[in-house]
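A.B. asks: Sequence:
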Amino acid sequence: MSKKKNDTENGEQFGQHDPESDTSPGASTKNLESELAEIKDKYLRLFAEFDNYKKRTARERLDLIRTASEDLVGKLLPVLDDFERAKKNAEDSSSPESFSEGVSLVYQKLHHALESKGLKAMDPEEIDFDPELHEAITKIPAPDPSLKGKIIDVIEKGYYLNDKIIRHAKVVIGE
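So for the sequence shown, the working numbering puts the first residue at -9; every next one is plus one.
By construction, these hints were calculated from the structure, which means they are not laboratory data.
Remember, it's a predicted structure, so these values are computed and weren't measured experimentally.
The beta-carbon is built from N, C-alpha and C at its ideal position, and this holds for glycine as well.
Fair warning: there could be bad hints in the mix.
[As the list claims (entries may be wrong)] Below, simulated BS3-like cross-link-like pairs (lysine-lysine); rule was C-alpha separation at most 30 Å, straight line:
no., residue 1, residue 2
1, Lys160, Lys147
2, Lys129, Lys154
3, Lys44, Lys32
4, Lys110, Lys160
5, Lys77, Lys65
[Said to hold, decoys possible] Quick list of simulated restraints, FRET-style, between CB atoms:
no., residue 1, residue 2, range
6, Ile130, Arg56, 44 to 52 Å
7, Ser136, Ala111, 22 to 30 Å
8, Asp153, Gln98, 21 to 29 Å
Put together the whole structure using the sequences plus the hints.
C.D. replies: This is the structure in structure tokens:
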């Protein structure tokens, strides 16, 4: 209680200042100006650092995309080589069986290369039509009543890439 009384007597209550404790107004202004300059400098450095961060992440993102494409193309080059050999073989060979076998091997190699990158085919036959997964091309009368509303034929396979649909299956539905 005595401290409160002393504060009141000294005039320090309610924001009143003791004039003897303050330094000269010129020195105070210089201190504030130097603080302001320091804060501005910190702000500019932080802003530049953030700008550099944005540029670096954009560069890294482009590099990642480029590298992913490079990797996929690298896996597809042997398939391209096999197609060239199959084409040359088809011109030279009179045996349709060997050509068919060659194309089958090339297909398997291509399929394996794409699967290793996360590609997975949908298997929509004889299941219920789901507009989230399938695109109905047409409806035909169902040959069996149990096939009503189900997929009867697949015109074009649908594909997932790492559990994301990249192409919906184009299907025929029974009605």
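A.B. asks: None of the hints should be skipped; say for each whether it holds.
C.D. replies: Quick rundown of the hints versus the structure:
no., hint, verdict
1, Lys160 <-> Lys147, "7 Å, holds"
2, Lys129 <-> Lys154, "27 Å, holds"
3, Lys44 <-> Lys32, "18 Å, holds"
4, Lys110 <-> Lys160, "16 Å, holds"
5, Lys77 <-> Lys65, "20 Å, holds"
6, Ile130 <-> Arg56: 44 to 52 Å, "46 Å, holds"
7, Ser136 <-> Ala111: 22 to 30 Å, "25 Å, holds"
8, Asp153 <-> Gln98: 21 to 29 Å, "23 Å, holds"
In summary, the structure agrees with every hint in the numbered list given earlier.
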